[in-house]
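Line order of the protein sequences matches chains A, W and D.
Okay, so the first sequence: first residue is 1 according to the working numbering, each after it adds one.
Okay, so the second sequence: first residue is 1001 according to the working numbering, each after it adds one.
Okay, so the third sequence: first residue is 2001 according to the working numbering, each after it adds one.
None of these hints come from the bench; they were simulated from the model.
One thing to keep in mind: the hints can contain errors.
The calculated lysine-lysine pairs, modelled on DSSO-like cross-linking and capped at a C-alpha distance of 30 Å, are [unchecked claim]:
{"no.": "1", "chain 1": "A", "residue 1": "Lys-55", "chain 2": "W", "residue 2": "Lys-1082"}
{"no.": "2", "chain 1": "A", "residue 1": "Lys-331", "chain 2": "W", "residue 2": "Lys-1315"}
{"no.": "3", "chain 1": "A", "residue 1": "Lys-274", "chain 2": "W", "residue 2": "Lys-1129"}
{"no.": "4", "chain 1": "W", "residue 1": "Lys-1246", "chain 2": "A", "residue 2": "Lys-307"}
{"no.": "5", "chain 1": "W", "residue 1": "Lys-1238", "chain 2": "W", "residue 2": "Lys-1419"}
{"no.": "6", "chain 1": "W", "residue 1": "Lys-1383", "chain 2": "D", "residue 2": "Lys-2011"}
{"no.": "7", "chain 1": "A", "residue 1": "Lys-108", "chain 2": "D", "residue 2": "Lys-2011"}
{"no.": "8", "chain 1": "W", "residue 1": "Lys-1136", "chain 2": "A", "residue 2": "Lys-52"}
{"no.": "9", "chain 1": "W", "residue 1": "Lys-1082", "chain 2": "A", "residue 2": "Lys-307"}
{"no.": "10", "chain 1": "W", "residue 1": "Lys-1238", "chain 2": "W", "residue 2": "Lys-1069"}
{"no.": "11", "chain 1": "W", "residue 1": "Lys-1238", "chain 2": "A", "residue 2": "Lys-307"}
{"no.": "12", "chain 1": "W", "residue 1": "Lys-1245", "chain 2": "A", "residue 2": "Lys-323"}
{"no.": "13", "chain 1": "A", "residue 1": "Lys-331", "chain 2": "W", "residue 2": "Lys-1385"}
{"no.": "14", "chain 1": "A", "residue 1": "Lys-323", "chain 2": "W", "residue 2": "Lys-1246"}
{"no.": "15", "chain 1": "W", "residue 1": "Lys-1032", "chain 2": "A", "residue 2": "Lys-195"}
{"no.": "16", "chain 1": "W", "residue 1": "Lys-1069", "chain 2": "A", "residue 2": "Lys-52"}
{"no.": "17", "chain 1": "W", "residue 1": "Lys-1245", "chain 2": "W", "residue 2": "Lys-1516"}
Please read these numbers as outputs of a predicted model, since none were measured by experiment.
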Amino acid sequence: MGIIISLVAVIALTLVAWIGAGTLGLHYLFGVIIPYLALAAFVFGLIYRVVKWAKAPVPFKITTTCGQQKSLPWIRHNKLESPFTGWQVFGRMLLEILFFRSLFRNTKMALKKGPRLVYGSEKYLWLAGLAFHYSFLVIVLRHLRFFIEPIPGFVMAIQNLDGFFQVGLPIIYITDGVILAALVFLFFRRVINPKVRYISLAADYFPLFLIGAIALTGILMRYFEAFKAELIAVKELAIGLVGFSPVVPEGLDVIFFIHLFLVSVLLMYFPMSKLVHMGGVFLSPTRNLANNNRNRRHVNPWNPDVKVHTYEEYEDEFRELMKAADMPLEKE
Amino acid sequence: MADDKKKPEELANISYRLPEKSWMDTPVDFRKGTYNYGAVAEKAKYLGLPHARKWQPMDADWQLPENWKEIILEGMRERLDKFRSFRIFMDICVRCGACADKCHYFIGSGDPKNMPVLRAELLRSVYRKDFTAAGKIMGKIAGARELTVDVLKEWFYYFFQCTECRRCSVFCPYGIDTAEITMMARELLNLVGLNIDWIVTPAANCFRTGNHLGIQPHGFKDSIEFAVDELAELTGAKVEAPINKKGAEILFVAPSADYFASPHYYTLLGYLLLFHEIGLDYTWSSFASEGGNFGLFHSNQVMKRLNAKIYMEAKRLGVKWVLGGECGHMWRVLHQYMDTMNGPADFLEVPKSPITGTVFEHAKSTKMIHIMEFTSDLIKNNKLKLDPSRNDHWNVTFHDSCNPARAMGLLEEPRYVIKACCNNFHEMPENTIREQTFCCGSGSGLGTDENLEMRLRGGFPRANAVKYNHDVYGTNLLLCICAIDKATLPPLMEYWVPEVDVGGIHEMVGNALVLKGETRRATDLRGTPYPEPEPAQSEGKEVAKDV
Amino acid sequence: MSLTSILKEKKSDILRIWFDAVLLSYPQDTANFLIKEKDRFANPVGFTYQHNMEIIFDSLVGTTDRDTVLPAIDNIVKIRNVQNFAPSQAVAIFFLLKQVIRQYTNEHIANGYRDDELLALDAKIDNLALAAFDCYSSLRELMGDIRIREAQRRIQKLMDRTNIFNDISDQEGDATNERT
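Chain A on its own, in the form it takes in the complex (with noise of 0.2 Å):
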């Protein structure tokens, strides 16, 4: 059901765009007011989501220990894993961002000869969502170039990287190879796991639709003769946009406009949904505090004020009983 809709979503989507500024010419609505709105809407969402966690006080210093705590001299203090100082908390974040470390945790049950049942190790889920990951980052960045004159230093060798095999005319780039294999191989999971299928969402297949279309639209433009883009007129776009004094220049594809489109739709939909999950992974409590609860006292800024039972109203209760069985009194 799921499927279904966010299917038939993101081919509505491309369609708008192909009748928008395809068939109706709508090139300066496409091509400069819609991915000014969007960029709006993802700047602004962002910061209202995050301001929105981050007002949230954090009361309680509730780390999740995934390893030995900072105790006794003697005993192996695991840092990363059970982080006592803002730096060990630094290096786990790291881990955590860069590497996906709790998911590189994951595991799954097993029969082994025996037969018996083992908990081994599963890696395929944290490979995909590496790969996706690090492709999107490198696809991003690698965009760049359509923003910036000159070019970056970096942009060139991410760039150069990203070709490093120098296979093909234009060369392929890696990363989009590797991000449509990542977005298939999620798909699919999520289809074929019946656990994964069971929890699913709407929600949870349109990203990757969505971002499955940029990508397609992105590929046919760049190595496809019949999509080809004129990548000067796309250039001259992109540095106005960046400029704040938008041209829109002719020579542009339909095809073009419904990648621009599906990007403007991405940005706007991003923090407004799941995908907000890249700034929400900062703040996570569990993981970016601490162990060191018994060292440093963690203040909680609505500490409440509670009725507590105190020992005067407690002996008050049981005196005749504690003086009886001899137990050492406040008051006679």
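Once you have looked at the hints, place chains W and D on chain A.
Same frame as chain A, but now just chains W and D:
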């Protein structure tokens, strides 16, 4: 043979083929044996909890307050503003499914709503409907749904079917912690008077008398003295166990089950022997006679109210620092909440072992250390004479209790002590121990007899790993450092691996500990006779093995 | 061909169908997982089923002795006993075997076997089911005992101290190991 044309399942007359339905439309079936009874009204009233009333989960009408929906949604709004964890965990799940098969209840039951992600979605779907734009506009497509009485019943069923063990949170790429979500959901349910008796009654008892069972001060004293007498019989040692003694150096707090229940009691004997042997200047307290804190399973407020006693009592008695016994959730509270809630403990000193001189810098703010930290330091510094052969009748394995493992990181200390006290120790299979340990299936206030079926299901993955050890190594004792474990693993073992007993680590310490001038012991702390002639005549060996 | 040799030869096929039929006894949500899961035995529940169903099946063709097959039945019933099944449903999976075998032989085996063979097989399966029924009731008794013993253990030392129920608690140690 017309019957033969039917499908097998039809012949067995089992009509399970329900129409295909999404999880949102499958209501809960309250089957006896799989849920806990509702809180007793008097106990809830004693704690001043809202909407205390007589009700049971199997009743059709839960007698909810008129404006229950408003109360819940308002409570949700309040908590979204007070807990960053709650807000973030509601927003960022991508449903990758890494947590799905990590939950012991899911593994044992196959019930999809026991997948951590779906357990959270029960709450998240309502969050989307009422607190996000997408959910308000697109409804079900965005994974949103209306809060109804059926949804509330579902919450009750499944959030009192999570043991807050945090195993899923280890695997989540964003650190989403279902325990935190369950805690929020339970706080919300409390607002309309829905809680379970096994949580509210111990909490109320503890508030009044200082311990879960509601034993009054003289009863507490009798219990400790009874243990002292029994130790004299078992070992000949004349142990002192001061209670409410002002000016003692250390306040010792253990879970109350240690002095009422079996096999906890043997751990108590172990503590007493140890403190006696090293001549520790310490005191018990009848007022703070409970380390456990069922408030953790109820709400942050009740947790704080119960926990306050420990610092109050430490102050009244004028001790220097506090030592805590073998308990699981107690240590989550002590390690992650106590200082924040009831600190700063500026009237105490940084814990320092009077025997070894070790200063426990890592606890310099909270001023409370775990007995595993204390004892392993004693052993490391050769302060104890241990004869591990006195535990040779046991072939042990160690169950990491959820909270010390995943909310504290106490992994090596217990192992060090076990290795010093036992000759036969084998770990359970990889990925079922340490931070990936499987829950006993009865934590977070769910260890009741009415819930036994669910517990046996949920404990199956743990039992399965123990069974493996039993089959391969001949394991006959499952060690743990948690009072709930000690109460609930024995039934679990009786059902799944009847050959395996359950014990605490300080029971092993008590057995192995060679007292000064001690004559040979005839029995272990359980009163089981040692074979004649006795093993490795009690020179004892000084143990200083490295971890 | 004799029925026994058919069963021996087609063991893996029949076991698979039986396993599928057993999975269908779960609510659909759950069954879907177990059936669709690629390695459906790769969880403690599926594993216990698979391992023990094979032993039980072997007993039908006479290669397993009673001492082996009873624990196997017990292991399976143990799981079903604590899951959401009525007593009849908990033991029904053994009767399913009759239908599974009939259906399989009807569909796949051209030349028939003798009726008396089938009757003998039915009798064996009935015996399995009766043994399962015994297991089920003794497990129910065990659960009752577990509940009582757990309640006792909770206040064991309180009882010892106050000397109430002393006679019961004295037996406690033995009672724990009574069932094997």
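Do the hints match the structure? See the list:
no. : hint                     : result
1   : A/Lys-55 to W/Lys-1082   : holds (9 Å)
2   : A/Lys-331 to W/Lys-1315  : holds (17 Å)
3   : A/Lys-274 to W/Lys-1129  : holds (15 Å)
4   : W/Lys-1246 to A/Lys-307  : holds (25 Å)
5   : W/Lys-1238 to W/Lys-1419 : holds (28 Å)
6   : W/Lys-1383 to D/Lys-2011 : violated (63 Å)
7   : A/Lys-108 to D/Lys-2011  : holds (28 Å)
8   : W/Lys-1136 to A/Lys-52   : holds (19 Å)
9   : W/Lys-1082 to A/Lys-307  : holds (20 Å)
10  : W/Lys-1238 to W/Lys-1069 : violated (61 Å)
11  : W/Lys-1238 to A/Lys-307  : violated (41 Å)
12  : W/Lys-1245 to A/Lys-323  : holds (15 Å)
13  : A/Lys-331 to W/Lys-1385  : violated (43 Å)
14  : A/Lys-323 to W/Lys-1246  : holds (16 Å)
15  : W/Lys-1032 to A/Lys-195  : holds (27 Å)
16  : W/Lys-1069 to A/Lys-52   : holds (24 Å)
17  : W/Lys-1245 to W/Lys-1516 : holds (25 Å)
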